[in-house]
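J.: Sequence:
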Amino acid sequence: MVGIKDIAIECNVSATTVSRALNNSKEISKKTRELILKTCEEKGYIPNSAARSLILNKTNMIGLLIPDITNQYYAYVSKGVSSYLEKIGYGLVLCNSDRNKDNENRYIDFLAQKRVDGIILIPVKPKASDYKKIIANVPLVMADNYVKDLEVSYVGNDNYVGARKIVSHMLSQGYRKIGVILGDESSTASNERLKGYKDILTENNIEVNNDILLNSSANFEDGFRLAQILINKKVDAIFTINDSVAMGVMKYAHMNNILIPKDIGIAGYDDIEQASMLTVPLTTVHQKKFELGQTAAKILIEEINNHKTLKQTIILQPELVIRKSCNE
1 MVGIKDIAIE
11 CNVSATTVSR
21 ALNNSKEISK
31 KTRELILKTC
41 EEKGYIPNSA
51 ARSLILNKTN
61 MIGLLIPDIT
71 NQYYAYVSKG
81 VSSYLEKIGY
91 GLVLCNSDRN
101 KDNENRYIDF
111 LAQKRVDGII
121 LIPVKPKASD
131 YKKIIANVPL
141 VMADNYVKDL
151 EVSYVGNDNY
161 VGARKIVSHM
171 LSQGYRKIGV
181 ILGDESSTAS
191 NERLKGYKDI
201 LTENNIEVNN
211 DILLNSSANF
221 EDGFRLAQIL
231 INKKVDAIFT
241 INDSVAMGVM
251 KYAHMNNILI
261 PKDIGIAGYD
271 DIEQASMLTV
281 PLTTVHQKKF
291 ELGQTAAKIL
301 IEEINNHKTL
311 KQTIILQPEL
321 VIRKSCNE
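Residues in the sequence shown are numbered consecutively from 1, following my numbering.
Think of the hints as simulated: they come from the structure by calculation, not from any bench. Treat the hints loosely; a few may be bogus.
When the alpha-carbon atoms are kept at most 30 Å apart in a straight line, the in silico DSSO-like pairs for lysine-lysine are as follows [claimed, not checked]: (1) K148 with K133; (2) K87 with K38; (3) K288 with K165.
When you get a sec, could you build the whole thing from the sequences and use the hints?
T.: This is the structure we're talking about:
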């Protein structure tokens with residue numbers, strides 16, 4: 001079987017030069033690259049990606065760690081990352097933390113052991129100290145959930161603006177006692193949406209009632225469970241951290257003969273595909289999920305190829321999507 005050393009001898013170059021040619025490196029001339037590729041074809045050489053990685057100290061693989069593989073929002077983010085990497089010849093290692101901090105730490109260690117060239121992370125219960133070690137060794141881009149006091153690039157949607165838009169709409173529809181199902185208390189995305197909610201209420205001379213602000217694990221099950229608590233507190237509408245939680249609330253309402261939006265208004269966040277397909281289509285906030293993934297991947301590749309790249313913060317603007325769940 002023809003190996004990389006055989007190609008190097010045939011072309012009178014080093015094995016490293018052959019690997020660079022196979023990797024489309026700009027460090028060798030076009031003429032040399034063409035000679036090497038032609039020789040590989042003639043000799044029937046099949047590149048060994050593992051060997052090439054050892055020579056160049058590069059895997060051409062990116063790690064993506066998301067909180068919930070079953071949530072369609074993260075599926076679209078993943079698709080955005082994957083589509084960008086595919087165009088430039090990179091592979092993707094997808095990991096699911098399941099919103100569990102121990103899982104997140106375990107996967108970060110796994111990815112950092114030279115298995116990938118860089119990591120895109122949507123963190124769980126983030127603290128800057130959790131990531132100091134990893135960013136010293138592997139390029140890392142944060143997405144969706146911001147981590148304070150950490151020198152990394154970040155891509156997210158404007159959670160504050162999105163919350164202001166949807167709560168303003170709910171008020172315009174006559175709702176005044178709006179319960180909220182938030183995410184984890186440490187989530188910056190959740191806290192920014194809470195701030196938007198509170199500011200809009202204050203600006204409209206409506207007192208903020210902390211008794212109807214609940215935290216959750218941001219899943220369907222918690223939406224169903226917490227709906228009963230808020231409805232028993234006589235809220236006239238519920239604003240949720242994401243569409244999956246909103247659908248849990250809607251299931252509870254349906255099972256208890258509570259009409260939407262006549263008896264209660266419900267609003268979600270993310271604008272996943274199912275939101276428009278429900279019996280009562282869901283009013284929500286459209287986040288640029290696919291674009292977020294593509295942007296994070298682009299920034300990470302730039303940082304891998306140029307270690308001196310300045311850290312970037314890119315905030316995408318969300319859009320209000322008005323459907324039937326919040327207006328009669």
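J.: The structure should be examined with respect to each hint, and the outcome stated for every one.
T.: Evaluated hints:
{"no.": "1", "hint": "K148 with K133", "in the structure": "holds, 16 Å"}
{"no.": "2", "hint": "K87 with K38", "in the structure": "holds, 23 Å"}
{"no.": "3", "hint": "K288 with K165", "in the structure": "holds, 15 Å"}
Hint check: no violations occur; every hint is consistent with the structure.
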